[in-house]
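Visitor: Each chain, letter by letter, is given below.
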Amino acid sequence: MKDDVELTREDRVANLKGMGCARKRVEDARFTQGKGNYIDDINLPGMLHGDFVRSPYAHAKVVSINTEAAMALDGVIAVLTAKDLEPLSLHWMPTLAGDKQMVLADGKVLFQGQEVAFVVATDRYIAADAVELVEVEYEDLPVITDPFEALKSDIVLREDLAGQTSGAHGPRKHHNHIFTWEVGDEEATNQVMDEAEVVAEETMYYHRTHPCPLETCGSVASMDKVNGKLTVYGTFQAPHVVRTVASLLSGIEEHNIRVISPDIGGGFGNKVGVYPGYVCSIVASIVTGVPVKWVEDRMENLMSTAFARDYWMKGRISATKDGKITGLHCHVTADHGAFDACADPTKFPAGFMSVCTGSYDIPVAYLGVDGVYTNKAPGGVSYRCSFRVTEAVYFIERMIEVLAIELNMDAAELRRINFIGKDQFPYQSALGWEYDSGDYHTAWDKALKAVDYEGLRREQAERVTAFKQGETRSLMGIGLAFFTEIVGAGPVKNCDILGMGMFDSCEIRIHPTGSAIARLGTISQGQGHATTFAQILASEIGIPADSITIEEGDTDTAPYGLGTYGSRSTPVAGAATAMAGRKIRAKAQMIAAYLLEVHDDDVEFDVDRFVVKGAPERFKTMAEVAYAAYNQAIPGIEPGLEAVSYYDPPNMTYPFGAYVCVMDIDVDTGVPTIRRFYALDDCGTRINPMVIEGQIHGGLTEALAVALGQEIAYDDMGNVKTGTLMDFFLPTAWEVPNYETDHTVTPSPHHPIGAKGVGESPHVGGVPCFSNAVMDAFRAFGLRHSNMPHDHWRIWQTAQDLGLHK
Amino acid sequence: MPEKLHIKLTVNGKAEEFLAEPRELLIHTLRERLRITGPHIGCDSSHCGACTVTLNGKSVKSCTMFVGQANGAEITTIEGLGTPDALHVLQESFREHHGLQCGFCTPGMITRAAKLLEENPSPSEEEVRFGMAGNICRCTGYQNIVKSILAAAAEMNASKEAAE
Chain A
1 MKDDVELTRE
11 DRVANLKGMG
21 CARKRVEDAR
31 FTQGKGNYID
41 DINLPGMLHG
51 DFVRSPYAHA
61 KVVSINTEAA
71 MALDGVIAVL
81 TAKDLEPLSL
91 HWMPTLAGDK
101 QMVLADGKVL
111 FQGQEVAFVV
121 ATDRYIAADA
131 VELVEVEYED
141 LPVITDPFEA
151 LKSDIVLRED
161 LAGQTSGAHG
171 PRKHHNHIFT
181 WEVGDEEATN
191 QVMDEAEVVA
201 EETMYYHRTH
211 PCPLETCGSV
221 ASMDKVNGKL
231 TVYGTFQAPH
241 VVRTVASLLS
251 GIEEHNIRVI
261 SPDIGGGFGN
271 KVGVYPGYVC
281 SIVASIVTGV
291 PVKWVEDRME
301 NLMSTAFARD
311 YWMKGRISAT
321 KDGKITGLHC
331 HVTADHGAFD
341 ACADPTKFPA
351 GFMSVCTGSY
361 DIPVAYLGVD
371 GVYTNKAPGG
381 VSYRCSFRVT
391 EAVYFIERMI
401 EVLAIELNMD
411 AAELRRINFI
421 GKDQFPYQSA
431 LGWEYDSGDY
441 HTAWDKALKA
451 VDYEGLRREQ
461 AERVTAFKQG
471 ETRSLMGIGL
481 AFFTEIVGAG
491 PVKNCDILGM
501 GMFDSCEIRI
511 HPTGSAIARL
521 GTISQGQGHA
531 TTFAQILASE
541 IGIPADSITI
551 EEGDTDTAPY
561 GLGTYGSRST
571 PVAGAATAMA
581 GRKIRAKAQM
591 IAAYLLEVHD
601 DDVEFDVDRF
611 VVKGAPERFK
621 TMAEVAYAAY
631 NQAIPGIEPG
641 LEAVSYYDPP
651 NMTYPFGAYV
661 CVMDIDVDTG
671 VPTIRRFYAL
681 DDCGTRINPM
691 VIEGQIHGGL
701 TEALAVALGQ
711 EIAYDDMGNV
721 KTGTLMDFFL
731 PTAWEVPNYE
741 TDHTVTPSPH
751 HPIGAKGVGE
761 SPHVGGVPCF
771 SNAVMDAFRA
781 FGLRHSNMPH
791 DHWRIWQTAQ
801 DLGLHK
Chain B
1 MPEKLHIKLT
11 VNGKAEEFLA
21 EPRELLIHTL
31 RERLRITGPH
41 IGCDSSHCGA
51 CTVTLNGKSV
61 KSCTMFVGQA
71 NGAEITTIEG
81 LGTPDALHVL
91 QESFREHHGL
101 QCGFCTPGMI
111 TRAAKLLEEN
121 PSPSEEEVRF
131 GMAGNICRCT
141 GYQNIVKSIL
151 AAAAEMNASK
161 EAAE
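From first to last, the protein sequence lines stand for chains A and B.
Residues in the first sequence are numbered consecutively from 1, following this note's numbering.
Residues in the second sequence are numbered consecutively from 1, following this note's numbering.
Think of the hints as simulated: they come from the structure by calculation, not from any bench.
A couple of the hints might just be wrong.
[What the hints assert, rightly or not] These stretches of chain A come out as covered by chain B in the derived footprint (C-beta under 8 Å, 3 or more residues):
| no. | segment |
| --- | --- |
| 1 | 20 to 27 |
| 2 | 384 to 393 |
| 3 | 461 to 469 |
| 4 | 680 to 694 |
[Said to hold, decoys possible] Some chain B residues flagged as far from chain A (calculated, every beta-carbon gap over 12 Å):
| no. | residue |
| --- | --- |
| 5 | E16 |
| 6 | L19 |
| 7 | R129 |
| 8 | G131 |
Positions of the beta carbon are idealized from the N, C-alpha and C atoms, including for glycine.
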């Protein structure tokens, strides 16, 4: 402590490695040395391996299942079918969206890859052999993969719901219809459209894709029959919710269930849902009394767990002839596949799609969404975005471009004249959101200046001239996007999942020697929580981040929380961390005052210590206070130094950003080359700039993938055409550019440290930016809109359709 | 069941000898038989490179090689590249330049990068991007991976020069 006296205040701040510093990650030591502990690394004594028999058909009656040959194979312990699960009422399970889903095929199958039987064997090879030996007789049924056809068809996909005219989200119009969700004032919007000087219309398809983290989903369930305890390890983005759901489904009391999320190899939304594999591994462990592991392979992952997007969006946007937007109308036909297993807060069946008015001051708007069943896999997760926000932002950023074409106006200028002004925050959007803070004009100007926007447009015009004169076969696209995200769900008053309010939590224990452990209700999947949450605490309580352990993911030790997705960790659990830290500080201040023999109000916190006001030489460091908290009898104060905070955010946070992509397109091959990508992000207060930058690089790359080639495609028979990484596009280092990152800082006014969350912004803004670049290249030749993904073939086809090939 | 194969391997300097079914994949030998869990399974089809090991001096995707094909081989995995007290320059460099996030691709990525720098000690950025194209990362967007590898190359070359 004596040495501290010699340190300058600046040194003391630096020693903390608190907020704002590019602290190196504490997670990296184990990951770089191959010592991560992922689900498939978990190996318990006597553990069995589970594997699924899956449906080759997209729609078929299951006539019979014969498991005899499989059961006769040496090493096979059990083969579970729906009949075995039925007595436990586990042959179906509730989905996060208020629907139900078959755990194992109950009389019929509704999508290719659907789980039909679960084989349990002594090793994974024997399990795979046994899967081949299970004989399933199918009688195929007509397949529907198109949601518009589904709404007209006499074929009933979900016979279990036949006759139900109402679902979890209100009335159903047709036997293949799930819900209608409406926000805004349709009559007023239509009236504005009727009276408008200019109306632009467009229909766009945001194709089905998949989060595809490098690690697939899996679980290891271990039922200890002696003690009546069930432990479940799994790739869970929300371990506490899994515990509660497991308790409700199994009837095992919640205190007898321990759920552990070990290291997770990326999530991006794929690991939010509850899957049949989790349920089957649990049931199999209960049945056999030994641990059972289930880990899906890549094909199973792409075919069955958690698709994203698949939105058909029809838009109308109205404006004055000089470009002031007067109204927005959006209708979505949402293909939810065979079961409605979308991961959205209960009251939002289309997530936060209603943020589709974007960053613009649009006085009146309407959104209608119809959810539809088809013979495709269930899911509908938010792939690296808050609930359906990528769809919303893609929609509005395309509508802006289409309107710019209609008005013959520059798309950057059109955005600028319609931005919500800095002085309009907090801003009430026409579709019911309260945007917390923003300064869009400043961000936009900074971005356009950084890329020399006018210079780019001049160059583009020259290129068009050269192309027309036959001097080049390359066109140039300038992709623009300005996005506003809505993250950090959310206020418990309107956000819950299966009735569980979406707060989050942090519990801190300070150790007597001045180090600490903090546990949170979230779970990192690569975001670096162990690094960054320690930084928040370091700044709040004055203990160096290097002396703080962060733990998440074990429901026996961590406080209850709703998990990590929708960029909610920093907005919600980060806030809880700061608030718990402040409780620690409040108690520590009383202890320090006692030790310094002054009144509580006469000491103040300064970096890492409490100082007597006006006498900086008289102080007690946080470490000294911690020691006293445990070892000294202090009148009126109970021993120890711990705190817990459960944080219910008053509002969501609204990160925003301005992106520009410059792309060259070879008209004859359809190959796009990204020459430049500039990304300005405003995520409010910045906790760790290194981690933020890494998140932006990663999110942009996932955006590049979605915009330029990645899709889950089906043929008319419902066969998945993109079931391996041969066909499902994941960019490599060779296809990906270097990104230029930049930022402005507009803190959230309601968040304790002003942070807004950043992990998903680059994906949300990136998809329209890359897409707009492709389409902008062809604007001079009359292209108004073409659907993603813009792979080489589709770009070539666009050029072909425009008559640009010789 | 076909006859088992008599397999001998040297993994991270340690001799291993066992009987295995002909169909046993090398990744399962490493992960399940030998409990060397650094190499991961990401795709089962040799696209992602999470399972990359060095086998007789070449980068190999161990998810699509039978252990029988590897009989007699010398294999190095991430566990054999450095020790906690003496990390490989690349292990340091990936941390220093934030070349990883979830960490799932990292063992394969670093194992491949180590081989790449043996093959080409002073690669250009383009050569790094091409040479690493068999390893997929879903988190980082590669920019910091490329940075980590280029920085490691520079450092390795500098210490080689200093030694000479």
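Visitor: Let me make sure I understand: some of the numbered hints might not hold for this structure. Which ones are they, in numerical order?
Guide: 2, 3, 7 and 8
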